[in-house]
Amino acid sequence: MIRPLIVLLLTLLSALPASANPALEAVIARNLDQIEKPSRRTVEPLVAEIAATGPEGLALLSAWANRSLGVSDNGRLLIVEGDSATDAVTGQPVPGADLTMLRPNSGVRGVIDSALVAGEISSPDPARRASALASIARDGTAAHLAALRGAPPEADPTLAQQRERATNLLAIRFDTDPAARVAAINGLAGDVGLDFRAALNPLLATTRIAAPAEPQANIVRELTVGDSDFPKEAAIALLTTQGVLQPRLTPADQRNALAANIVNGTVSGIPVADLSDPAARDRAYEALEAAGTVPPAATDAEADAALAANRFFETYAEPNPDVTDAARAAQVRAQVRLAAMTGIDLGLDALSLASIYFLAAIGLAITFGVMRVINMAHGEFIMMGAYTGYVVQTLIPNRTLSLVAALPLAFVVTFGAGVILYRLVIRHLARRPLETLLATFGVSIALQQLAKNIFGTQARPLTAPAWLEGAITINDVISISSIRVAIFVLALLFLGLFLFIMKRTRLGLEVRAVTQNPGMAASMGINPDRIAMMTFGLGSGIAGIAGVAIGLFAQVTSELGQQYIVQSFMTVVVGGVGNIWGTLAGAGLIGILSKVIESFNPSNTLAAQTFMILFIIIFIQFRPRGIIPQRGRAAEA
Amino acid sequence: MTRKPFILRNPSILVVLAVLAAFTLVVTALSAAYGNGVIPTSTVKVLGKTLCLALAAVAMDLVWGYLGILSLGQMAFFALGGYLIGQWLMYARTEGIVAASLAQNPIPPTAQELQEGVANQIFGVVGSADLPLVWSFAHSLPLQLLLVVAVPGLLALVFGWLAFRSRVNGVYLSILTQAMTLALALWLFQNDSGFRGNNGLSGLQNIPGLDAVDQATLSVWFLWASALALALAYVLAAWVVSGKFGSVVRAIRDDETRVRFLGYPVEGFKLAVFTLAAMITAIAGALYYPQAGIINPAELMPIASIYLAVWVAIGGRGRLYGAIIGAVVVSLLSSWFTGGRAPAIRLPGYTVNWVDWWQVALGISFVLVTLFAPKGIAGLFDWLAGALPPQRHGRDLGPDQGALQEGEAKA
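Chains Y and D, in that order, are what the protein sequence lines are.
Numbering that gives the first Met the number 0 puts the first residue of the first sequence at 0, with every later residue one more than the last.
Numbering that gives the first Met the number 0 puts the first residue of the second sequence at 0, with every later residue one more than the last.
If you're looking for bench data, these hints aren't it; they were derived computationally from the structure.
Hints may be right or wrong, so weigh each one.
[What the hints assert, rightly or not] Distance ranges between label pairs, derived from CB positions:
| no. | chain 1 | residue 1 | chain 2 | residue 2 | range |
| --- | --- | --- | --- | --- | --- |
| 1 | Y | D155 | D | N197 | 51 to 59 Å |
| 2 | Y | R207 | D | D210 | 29 to 37 Å |
| 3 | Y | N185 | D | N197 | 49 to 57 Å |
| 4 | D | G126 | Y | T249 | 19 to 27 Å |
| 5 | D | T42 | Y | L491 | 53 to 61 Å |
[What the hints assert, rightly or not] Where chain Y lies over chain D, by a calculated footprint (3+ residues, C-beta under 8 Å):
| no. | region |
| --- | --- |
| 6 | 105 to 117 |
| 7 | 127 to 141 |
| 8 | 159 to 171 |
| 9 | 297 to 308 |
| 10 | 368 to 381 |
Computed from a predicted model, the values in this text were never measured in an experiment.
We put the CB at the ideal spot given by N, CA and C, even for glycine.
Given only the sequences and the hints, what does the whole structure look like? Please build it.
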């Protein structure tokens, strides 16, 4: 805790020139016996006195707390460091001294540590003040509170703010005056920091008690038996734990009691074989009770009487109602702000997920829009891109450079693969979408196995450059990893690039023409076959780049593509084909919805995915052609 | 004009039934339980399972080859059937074990204690001790057998109604069926879904009440049951696709819009065939998993259903016997090649290890079949029989993308 600070202190102080410190000398001379045998209760004024003597005093204190202070035969205090020893007052090395080490107990060391930190708070060096504050924030005590309050005003505005916050947090926990605690709570109102919420929680901890009359305690509310949060069983359990009521008979106890009283194959005259019936068991037990063999168990009538005789209260552990009221109000405010921030965080997550889906699906959407074929090998193109990134990284050690090289290379590789696939397979299956789907599935399983044969089954690392690691953190709640921001930017870039190609280039014009009416486009002199090949290559190339992006945060395995392919299909189907805005809307809807559903039950992502898919199935009912359906004659083809 | 009897209009039925009967007899005669034991019990199980897969393939062919819906979620029904029969198998068997262990106690157990013990035993692995609501009928074999056909049938009915009503077809429908099986798989993967999460149901090869019968005998019994189910389903499927009903179904495949304009309730036909196929598939699953011994949600992942489509495509869709051939040939070849028993090919500098390369070969051969032999293996029989494609004199076969195209009709 404070140890690093002390080490720092020691190194700083040992560099100081040796000089006598008469004040320290005097204090030690007066209190040597107490230094040798300190008591936690009485040592505080002495520690304060030593601390007041200047840097030598502080060095002595830190050595004392560190158990590296010894006393020699002639009554000198020596600071021991490794094999050498120096005089605590003069700073002179004392070779070959015969000394007894001082071993203060943890209580005394706590007092010394507090005093040291208190000294640090008023240190002229801002860095040391900051580290002292940080150490108090990590592990504050009541002594720190006094030290913080007693310290001179802080000049640095940032540190002043931090110090005020630390003082308030400590006041909530340790202050004896309720008014000061309420003031501290109000001073921090609206804060959503984890430490503030943690400080509030113990104040608001409640216990339930049963009592015949209203107890002298800080009561939250009176409980009514039979409420949804306080059923009759809970009331009876409470009475039982308080010893007001006998425990009721559990089936296991009943069985054991009966088993202990088997006489000649019967229990009070009832044959053992009949005891598989609960009613017979009850009869046998009652008979044993009547005979006095087993202790009577609490009956329903007794339980009801005990319930009627007692009232049930929920009480705060904290006795002062003003404090708990203020804490309750502060907690509610914190929760409201927290909910808003969680919402923002959720939005960021959803946005990043949506951009991943967008990147993965955009290539699929292009090919589907132009040729009406689903490319089942699309996932394998994503995988191919990720592996390209991995191979480039093994060749170029500089990660930034390798990433810059990998992106275009992945595009080239998958563009080529897409064109080959188109020339060899898809062109021959033109206008038979179901068969294309199956043929590309064949390609998909072949490529997957091929990747397994080449790269093995274990995951390959594709490491992001250092500037992409870590996260952008705004506060305890809102944070987003840099890679996801980069992917979002990449998705935006591709949206822009795609819009540019489609709206501003000759290729885009021809693609749009072929999408709308291939026959008419062909009679206008456009070669639909070439356009289809180019779009297929383009779509595959974008899949390759998406693969590099996905590989940066996911495991690169031969199954990488499979994890995204179904979601990509969903994105295309939900968004509607032949329109980039449709894909964007589909990705946005799926991304946001997955995250929202997931936020209801964060531990169960499987359930979230299930509901997501169910939602899509139902959504298709109402918009069978997607959010932005294709209109006109092309939609009929 | 008198119509020829049903069997004579479909000579393939007789051939298939004869081959199936001969196959069953030969395997029985060579099995360890009823013959000289040339075929080990594990192989008998593989053969029995293959018959179940063939049954699922017949159902797939009904949906795809005759109705034109490429369902990529067919194995969901298969696994559901397995899960539903597995519930009874596991419950009844655990009940026997728990009852035996509770009988050690001096006091006989109550019905509730027995049920609690069973639930604890079954769901201990997922940290639960309550019997979920979906297991309410697990104690009763007849009810659970009813559910084997009722639940998948109902699922197909609801899903099909939703999908067909809103005229989702073609590639969209394929993706949607894939989404259905993925959703079901993800749901079953959860521990609190009541089906033991990714542990699945296990120990299904032990049939409660038949403890005295050894696995060798049981495997032959299951082979008989699978063969019988396949024979019955084949006759049923052949009957469904012949006659007027079958003509309408094939017409829907070739041009749905035209059939609708002729006044046929297209959705009703589609629903009927889709639901029937789901039920047949579920029965296949219910016979398959007691032979496999274990079922888990991975069986529902979309890839399994796509493989089913691959088998039917390689065997030859639109021919019921083609589906059987495809399922049997490809699944047996797959298990032979991936089982590590196929001899490796030694090329100079590289040894082709079939465990690694079979998937690649399968994928490539699948592409080749789709490209060059759309009729699959069954096309060979057409060629042998000298069946000629209809002479259309170059006329269009219809505008629909799923239709048999001119080039294909001539092939």
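Here is what the structure says about each hint:
In this structure the hint that D155(Y) and N197(D) lie 51 to 59 Å apart at CB holds, the actual value being about 56 Å. Taken as a hint, the range 29 to 37 Å is violated for the pair R207(Y) and D210(D), whose Cβ atoms sit roughly 52 Å apart. In this structure the hint that N185(Y) and N197(D) lie 49 to 57 Å apart at CB holds, the actual value being about 51 Å. At roughly 22 Å, the beta carbons of G126(D) and T249(Y) sit within the given window of 19 to 27 Å.
Remark: the range hint 53 to 61 Å for T42(D) to L491(Y) is upheld by a beta-carbon distance near 58 Å. Coverage of a stretch by a chain is defined here by at least three residues with a beta carbon nearer than 8 Å to that chain's beta carbons; for the region 105 to 117 of chain D and chain Y the count is 8, and the condition holds. With 0 residues carrying a beta carbon less than 8 Å from a beta carbon of chain Y, the region 127 to 141 of chain D misses the three-residue requirement, and the given coverage is violated. Beta-carbon proximity to chain Y at under 8 Å applies to 9 residues in the region 159 to 171 of chain D; the threshold of 3 is reached and the given coverage holds.
Counting residues of the region 297 to 308 of chain D whose beta carbon lies closer than 8 Å to any beta carbon of chain Y gives 4, which meets the minimum of three for the stated coverage. Coverage of the region 368 to 381 of chain D by chain Y holds in this model, with 3 residues showing a Cβ closer than 8 Å to a Cβ of that chain against a need of three.
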